Every structure is written in C-alpha cells, then in structure tokens.
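For reference, the chains in residue letters:
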Amino acid sequence: MGVDIRVENLNAWYGSTHTLQDINLHMPANHATALIGPSGCGKSTFVRCLNRMHETNPIARATGVVKMGGLDVYKDASPVEIRRRIGMVFQRPNPFPTMSIYDNVASGLKLNGFRNKKVLDEVVERSLVQSALWEEVKDDLKKKSGASLSGGQQQRLCIARALAVDPEVLLMDEPASALDPVSTSKIEDLIFQLKSQYTIVIVTHNMQQAARVAENTGFFLNGKMVEFDSTHKIFTNPSDKRTEDYITGRFG
Amino acid sequence: MVRIKFQQNLDDLKERLLVMAGMAEQAIQRAIEAYRTRDLSICELVLRSEPAINRLEREIDQLALDLLAMEQPTAIDLRFILSVIRINADLERVGDQAVNIAVRVKEMGSYANVDLPVDIPKLASLAATMVRKALQAFIEADATLAESVLKMDDQVDDMNDAAFDTLSQLIKDKPELTPPSLNALIIARNLERVGDHATNIAEDVIFWVRGADVRHNMSST
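Going down the list, the sequences are from chains W and L. All the letters of the first sequence, read from the start, carry residue numbers 1 to 252 under the working numbering. All the letters of the second sequence, read from the start, carry residue numbers 1 to 221 under the working numbering.
Keep in mind that the hints were calculated from the coordinates and are not lab data. Only a predicted model underlies this, so the values are computations on that prediction, with no experimental measurement involved. We put the beta carbon where it would ideally sit given N, CA and C, even for glycine. Among these hints, one or two may not hold up.
Derived EDC-like pairs: lysine to aspartate or glutamate, alpha-carbon spacing no greater than 20 Å straight-line [to be verified]:
id : chain 1 : residue 1 : chain 2 : residue 2
1  : L       : Lys133    : L       : Asp196
2  : W       : Lys241    : L       : Asp196
3  : L       : Lys5      : W       : Asp245
4  : W       : Lys118    : W       : Asp103
5  : W       : Lys233    : L       : Asp213
6  : W       : Lys224    : W       : Asp245
7  : W       : Lys110    : W       : Asp121
8  : W       : Lys142    : W       : Asp103
9  : L       : Lys122    : L       : Asp196
The calculated label-pair distances, taken between Cβ atoms and stated as ranges, are [to be verified]:
id : chain 1 : residue 1 : chain 2 : residue 2 : range
10 : L       : Ala69     : W       : Glu125    : 35 to 43 Å
11 : L       : Val19     : W       : Asn11     : 48 to 56 Å
12 : L       : Glu15     : W       : Gly69     : 49 to 57 Å
13 : W       : Asp22     : L       : Gln7      : 44 to 52 Å
14 : L       : Glu15     : W       : Lys138    : 53 to 61 Å
15 : W       : Asn222    : L       : Arg189    : 54 to 62 Å
16 : W       : Gly70     : L       : Ala141    : 45 to 53 Å
17 : L       : Ala141    : W       : Asp22     : 33 to 41 Å
18 : L       : Ala69     : W       : Glu55     : 27 to 35 Å
Construct the entire structure; sequences and hints are all you get.
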C-alpha cells in the first residue's frame, strides 16, 4: 500500500542557488499528485529531494523535513533504503540496454541479494503485469534486450523495474513526454491503476495529463510552490492569478 | 508565451455572442413595441429575425466546440467558453420568446383592441431591463451587476403571477374577453421566461468571472 508524504519547510540549493524555498505540502496515500510549472521552477528538484536523489550531486544540499508515512526520510533511513521505498521513473526510458527484459526487471532485487529463482520469476511476472507489459513480452523475457522494445514499452519496463522492489511511492518525472499518444495513454491508464497500491507523484509539462491522472496538483514557480489544491480546483478556478496565467498559457 | 491564436479566437467568440445578444435584445424590444402599438409590421420583423438568430446560435456553438476540442482551455478560459455556450442557448430562447409574443400580437390584431387590467408594458420593461443588464454584465465582466439581475427576477415572477390571477378572474367574470385575456396571459408568461433567461445569463457571468456556481440559489464555488 502507498503511504502519505508530508513535506515541511523544504529548502534546496545547487551551490549558492536557492532552488526550492520553504515548500510545505501533504500528499495523501494512494493518490496521484501532479506537479506543474515552467522549466527551471524547481519541480524536478522537489521530487529528487523526496527520494534523496538531490544529494547525489556534490554541490547540492537540502534542509527541512520529508516524512513518508511515519518515516523521516532524512533521519530514519539510509538513502539506499529510501530509494528502494520510493521508486523513480524518468523522462527518457532508461532500461539497461544489454540486459534481457527479465534481468532489467529483476536487477533491483538481484542488487539487494535476492537469488531465489522462483521468487524472482514471480516478482518479474507480477511487475510486468502491473506495468501492463506482460502480455507483450512474456514470450521473449530472456530472448530480447530492454533496448529492443519500443519507447513506450521501454518506459513500462522501467516502471516494472521500479515496482519490482516493492516501493510505497512512485515518483514519475515527465514519464510520457517522450512518448507517442498511444503509449502516453497506456502510461496514464497505468498511473490510474497503480494508485490503488502506490502513492504517485508525477511531474508533467502536459496540463491535460495532470488534469487526467492526478487528484491534487501543485504549481511551482521560481522555486516556490504558489498553489496546491485539488486538480479540479486548479484547472477550473485556481486561487492564484499566477497559476491561472500559467495554466491558461499566458506565460511560461 | 501568450497563445495569440487562441486569444484571437476567444475575442472572436465574444464578438459573435455580442452580435447574437444584440439580435435577441432587438427581437424582444420589437415584440414589446408590437404589443404596445399593435403594429403587425413590427411582428413581421420579429418573425423574420428568427432564422438569423438560429443560424448564429449554431455558428457560436461550433466555434466554442472547436476551441474546447483544439485548445483544451482551462480555468477562466474554460469557464468563459462554457458560459458562452449557455448564454448562447439562452439568447436563442429569448429570440423564441420574442417570436411567441409576436405571434400572439398578430392574433390579437384579428379582434378589437380591449383595455385589459394588467400592465404588460411594465412587465415587459422589467424583463427587457434584466436582459440588458445581464448582457452589460457580460460585456464588462461585472459579477456585481449580474447579481443585481438575479434580484430582479422575483419582481418579474410576482408580476406574472399577478397577471395570471387578474386575467383568470377576468375570464370568469367576462367570458367574452377570453381570447384577448388568454393572449395577454401567454405574453406575460413569455416575458416571465425572458426574465428567467436573463437570470441564467447573469448566473453564467458570475460563473465565468468568479468561478462560483450560483444556480438554483446555491452559492457553492
């Protein structure tokens, strides 16, 4: 099951640049939360702070509190443990190109020391079913490489890889921006289905995608979160003029 | 980046709705004038204006539909287009009411003019004022002015109810006045409906400007 995420006074820097300023929000469990805003507004930095990817950059740092369920992400667990519990899918599908489909999905478990073939088989199948890829690849699991799949299939493979280690939260940074409309639609259907088991945070430049998949939406601008509300409210009657100007295309 | 073409299309949509508003308002004014003067030539003008109103209604709907499909508007743009679609339908129905009144006036022309104890011109003036104010609220995006229209609707309803009671009694008391009384009763009802359409338009202006749905006496946002 997914867990809720609570962010309190989150600040982040790249070198001397203050990229996130006093972010506070609560993302309910088993909901999809969309983050929107112009390029450079801080939304990707924000999701990278959630799973401590931000600190992998030597000039980056963050302060504040991120709680996942009751767990303090920055105090109660190692970055490796956090990244297992908070999976991430990126804009460009990044399967391990020479690994088979099977090994791509099993890679996270294998890295964590799992060797039981029966368990691995079960997890690979379950993850590929969850990511709606199983029917398309079940006969070629070990014959084809991850790179042999189409872009949309590769992205679903990456989602399967993220799900295989049994996370509670799934972060998606523009997961469909490099995909055609049919593949995009499959990813969106997937998000809709995965919400019952995971908490999802999706960064997107596609307004309609945010409106379609997320219960709540946050609008970021210049490192600040201008508005966070139900997606319905944001897209029909936002409270802040800057939100309205952005989603109606008047700037950004 | 401002969406230039989209903004132009929104402006075009507004301009066309204003043309529609002008035609509907003119039709109702003429129908009232025809009733007041019993001038059948004005009735003909009203009847002849209906096809143009209907045609423009379809054009506006088509443009609004295209914008919804092509531009996926949000927030105030989405509310504006939804409001235009609803106001467009209400204006077309104002035009229909004008035609209904003109038809009644024509029928009244077939018998001698009688002085009925109801103030149809006053009711007509109130309904027409509601339409004018609602459209002014739309032109100026003025939700406060739109609210003032909502308050006028009860007056129109009360006058229509009073006309109904008076004319019903008149029909009982003087059966020979049944034909003109029935026509006046129907015209009062038509004018009451015009007031309802003006109310709808005012509610749509409030929805567009404030994002608040005030229909059916609800104040939810």
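Status of the hints after comparison with the structure:
As the CA atoms of L:Lys133 and L:Asp196 are separated by approximately 13 Å, the hinted pair is consistent with the 20 Å bound. Taking the CA atoms of W:Lys241 and L:Asp196, the gap is near 33 Å; set against the 20 Å cutoff, the hint is violated. For a cut-off of 20 Å, the pair hint linking L:Lys5 to W:Asp245 stands: about 16 Å separates their Cα positions. With a CA separation close to 14 Å, the supplied pair W:Lys118 and W:Asp103 stays within the 20 Å bound.
The hinted pair formed by W:Lys233 and L:Asp213 meets the criterion: a straight-line CA distance of about 13 Å does not exceed 20 Å. With a C-alpha separation of about 16 Å, the suggested pair W:Lys224 and W:Asp245 falls inside the 20 Å cut-off, and the hint holds. Pair hint W:Lys110 plus W:Asp121 holds up; C-alpha atoms about 12 Å apart against a cutoff of 20 Å. Restraint check for W:Lys142 and W:Asp103: satisfied, since their Cα atoms lie roughly 8 Å apart, inside the 20 Å limit.
As the CA atoms of L:Lys122 and L:Asp196 are separated by approximately 16 Å, the hinted pair is consistent with the 20 Å bound. Between L:Ala69 and W:Glu125 the beta carbon distance is about 41 Å. The supplied range of 35 to 43 Å therefore holds. Between L:Val19 and W:Asn11 the CB atoms are about 54 Å apart, so this pair conforms to the stated range of 48 to 56 Å. For the hinted restraint 49 to 57 Å between L:Glu15 and W:Gly69, the CB-CB distance of approximately 55 Å keeps it satisfied.
Distance hint check for W:Asp22 and L:Gln7: the Cβ-Cβ separation is about 34 Å, which falls outside the suggested range of 44 to 52 Å. The supplied range of 53 to 61 Å is met by L:Glu15 and W:Lys138, whose beta-carbon atoms lie about 58 Å from each other. W:Asn222 and L:Arg189 have their C-beta atoms about 58 Å apart, which keeps the hinted 54 to 62 Å range intact. Our hint of 45 to 53 Å for W:Gly70 and L:Ala141 holds, since their Cβ atoms are close to 49 Å apart.
With their beta carbons about 34 Å apart, L:Ala141 and W:Asp22 fall inside the hinted range of 33 to 41 Å. Distance hint for L:Ala69 and W:Glu55: a CB-CB separation of about 45 Å, inconsistent with the stated range 27 to 35 Å.
Consistency note: the structure conflicts with the earlier hints numbered 2, 13 and 18.
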